[in-house]
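**Q** So you can see what is in the structure, the chains are spelled out below.
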Amino acid sequence: MRVVLRTGRVGRVAGRPRYRQAVLNVATLTIGRGADQLIQIPDARLAIAHATIAQRYGRLHLRVLADEPVAVNERPQTRAVLRRGHVLSIGHARLTVEDIRQDGVVVLRLDLQSDDVSAETPAAAAKTLLETGLRAAPASWMLVLGVLVLTLLLPLLTSWNTPLRASLRDGALVPSDALWQPGPLHAAHQSIGGNCNACHGAVFGRVADRACITCHPATQHHVPIESPARARFAGMRCADCHVEHAKPSRLVDTGSRSCVACHGDLRKLDPNTPLQNATDFGSGHPDFSLALLEPERVGSDTVWRTRMTPSGFRPRPEEHSNLKFSHQVHMDEHGIKSPTGDQKLACADCHQTDASGRSMAPIRMEQHCSRCHSLQFDENDSSTAVPHGDLKLMFTALEEHFSRMFLQQITPGARPSDRRRPGGEQTVMTRDEQRRALEWTTRESLQAARELLEKRVCVECHTVTRLPGLTGFEQWRVEDVKVTSSWMPRAQFNHAAHRSSDCVSCHARADQSRSSSDVLMPDIKQCRSCHGGSHERARLASDCTMCHRLHLPGRGEIVDPAEHAGPAVITFMAGVP
Amino acid sequence: MHQSFLNIQRYRYALYAGLLGAACTVSYVVDSWHERPAGDTVLGYTLGGIAAALVLFLMSYGIRRRSFHARAGATKRWLSMHVYLGVCVVLVATLHSGLQFGWNVHTLAYGLLCTVVLSGCWGVYAYIRYPTLIARERGAVSREELLRRLAEADAQALAVSAGLDLEVRDLIADAIRRTRLGGTVWAQLRGRDESMLLLVPIRAPGYSQLVSNRGQQALIAQLAQYQTTTWDTRAQHRLHQLLQISGDKAVVLRRLQRDIQIQGLMQFWLYLHVPLSFGMLAALAVHILSVFYYR
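These protein sequences, in sequence, are chains Z and P.
First residue of the first sequence? That's 1 in our numbering, and the numbers climb one at a time after it.
First residue of the second sequence? That's 1001 in our numbering, and the numbers climb one at a time after it.
I should point out that these hints are in silico values taken from the structure, not numbers from a laboratory.
Careful, some of the hints might be misleading.
Stated by the list, open to error - Here are some chain P residues pointing at chain Z (derived, C-beta under 8 Å):
1) R1036
2) G1102
3) V1105
4) L1166
5) R1180
6) G1183
7) Q1188
8) S1195
9) V1200
10) Q1261
11) G1264
12) V1274
13) L1276
14) G1279
15) F1292
Note that the structure is a prediction, hence the values are computed from the model and not measured.
Where a beta carbon is used, it is the ideal one built from N, C-alpha and C, also for glycine.
Can you build the whole structure from these sequences, using the hints too?
**A** Spelled out as structure tokens, the structure:
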């Protein structure tokens, strides 16, 4: 748009009038009080950018940007199409459309009614922040109200179970009481989602144990539920140890309310406790003691009792499993005789973990030993193997074997398929022959049994006792075998977590052990070579819960005190009478 | 040595705040040996209580400052306390948080506290730095005097240009009208010379253009061009005068703009500090309420 902006007539030059004018070539003609407006009108009533004039398809369009309209031919307008002869009153100035020529050039005449060009023009602008109308109070109120509405009012509406609760909690960007969460829920509790009231019951009240027990009803106590020691737990809450909304998120928090609060000085609580104090695995933990199985004879039976060894393996504990076994022989570096030639054995050939990988599965004769240790009483006849584990079955097997041998000898042509038919045959054997057969069978069976039990097979691994004054099969007893499987029943050890280590790095010199009485369990020093106390930096920081559990099996379920009524009922939190 | 609010009574309040901060830090370090650092432990509640008390004390400065009975010396001491304890409260609040932050009202309160203290630090900087700057920019001359000189320069320019061509008169008038000083908050703080000038081609056909007249540069260039195209010695003399006046005006204008900018900066931090501190107080109240609401 080309505009000739005339501000006055100067006179005539060569018969044509001469004007004070500026020729502009702009897309839009800007009008206002501001210094950056093409037509600047110094009038305080006008906006900085008050109006624009633009040419579209040959027509002049006036657009008023400010609230105050512009008078076109003395009629206030906010939008207008300007024609030749229109007079615009803008503030104290008048703008006349003198001509819109054929070639599109627009001729405007500007009359600034007051020609007051003085230094007062810039003086109108604000020169201090206060003059711009900036105030602290409105901003303060807006911030305070904004904070209160977003972080107090909306969360309270969610908390009060208003109809808005669901929509507030589900809205991703809408503030709800989730805004009050100091930290995230533990991954195990993520399914609770944003439902604060699932755990938080009474307002301004602490989370009750009932909330936990609702979902975890079988949680066991630390001490037997009926024992007086339960009084020690009075006032304790689930949330004391299971701290939620904390970072980093941990299911069990080992803060000051931890195990050490009691186990640091147990004698103070119970002078007769057999337990030793523990404060820290690295610096204040008793040496290990083991739960060893000990056989004890009660009449003709063996009863296995658990005996705790003294702490620290001194004197060196011995296991009495009634098994004869030498690790050294089996772990011979040149290999050991087997049906397929000499074979080098590794620990894992016999010691395998259970399905969980955490603990060791028991070693079974049939699975681990029988390939080499055959139970044949005739080394050349594989059908002569006797069953393992029950002497009576073994004797029966022997008797059956020798009876068959006898029968095969006196009736050489007899085939196993021959059957006696009722009345078909009279007598195969006379009574005398029967007696002789029984005598022979028994004699041979006893001979074979003696060979197996006392000389060759059973005795290699088992302790066989000959009972005085008895004859026949009753004269032998093979002592019960039981290998300790749970050496430290109160500690949880995970073999899977230690899989990257060599067996002998913890079970030191296990391959050198000559006797099954050797206890090959590692002592605390062995563990401490990698595990340190809970604040250790040089070694793996290990707190109590790495090996021990608070909730012990068989102690009885934790109940919430609120579920009980009456003073006589012993509850978890209330004291013991 | 001049006693400012910072070194009053030999940094006594810096010492107090430092001791409080050190005591809190030591307790935190000792406690974190056995306790997970958090706001809900015994130490956490203690630190939270101290921080809340500090916040209330700091907020009360606004009331005491306005107190009719306040003596100048006492106000200075209160300001000193306000500044040092304000820095200290960030430390105490950080220890109270146990460095557990998240998208929640608790971190909002902490974040607002930090911005309040940061804006306060800007205020301290402003009070130390800007008075010297103002003195350097303005000298002993007051703003009113500078404005008077500006008006004088404009009046002189108009008077001198009266005897010149119409184009020059229009040019001078336009330059005066389009001279900008102050304005919106942003314009004041930015301190840029936004003056404009509508340049009309000299004695030749062509389009007029609206250009920046920063430092009256466009005007001076245009006047110089008029001078080279004029043979009239009287006109040349007047143009020379106009050039001198425009140069002087540019200097005065620049000093005024710097003065407005620095004065603005010196006050503006308070427009952040006060509203943010009230917002922080609201967030702090919600923080305390919500923590006990869902325990």
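**Q** Hint by hint, say whether it matches the structure.
**A** Hints, one by one, checked against the model:
Restraint check, P:R1036 versus chain Z: the minimum CB separation of about 5 Å is within 8 Å; hint holds. Interface restraint check for P:G1102: the shortest CB-CB distance to chain Z comes to about 6 Å, inside 8 Å, so the restraint holds. Evaluation of the P:V1105 hint against chain Z yields a held restraint, the C-beta minimum of about 4 Å falling below 8 Å. Using the Cβ-Cβ criterion of 8 Å, the hint placing P:L1166 at the interface with chain Z is satisfied: the shortest such distance is roughly 5 Å.
A cut of 8 Å between beta carbons decides the hint on P:R1180: the least distance to chain Z is about 5 Å, and the hint holds. Taken as an interface hint, P:G1183 checks out: its beta carbon lies about 5 Å from the nearest beta carbon of chain Z, inside 8 Å. Because the beta carbon of P:Q1188 sits about 7 Å from the nearest beta carbon in chain Z, less than 8 Å, this interface hint is met. At its closest, the beta carbon of P:S1195 sits 6 Å from a beta carbon of chain Z; the interface hint therefore holds under the 8 Å criterion.
The beta carbon of P:V1200 comes within 5 Å of a beta carbon in chain Z, closer than 8 Å, and the hint placing it at the interface holds. Checking P:Q1261 against chain Z by beta carbon gives a least distance of about 11 Å; that is not within 8 Å, so the hint is violated. For the restraint placing P:G1264 at the interface with chain Z, the shortest Cβ-Cβ distance is roughly 5 Å, inside the 8 Å limit, so the hint holds. With a cut of 8 Å, the hint placing P:V1274 at the interface with chain Z holds, because the nearest CB-to-CB distance is about 4 Å.
The beta carbon of P:L1276 comes within 7 Å of a beta carbon in chain Z, closer than 8 Å, and the hint placing it at the interface holds. Given the 8 Å rule on beta carbons, the hint for P:G1279 holds: about 3 Å separates it from the nearest Cβ of chain Z. Hint status for P:F1292 relative to chain Z: holds, with the closest Cβ pair at about 6 Å, below 8 Å.
Checked against the numbered hints above, the structure breaks only hint 10 and satisfies the rest.
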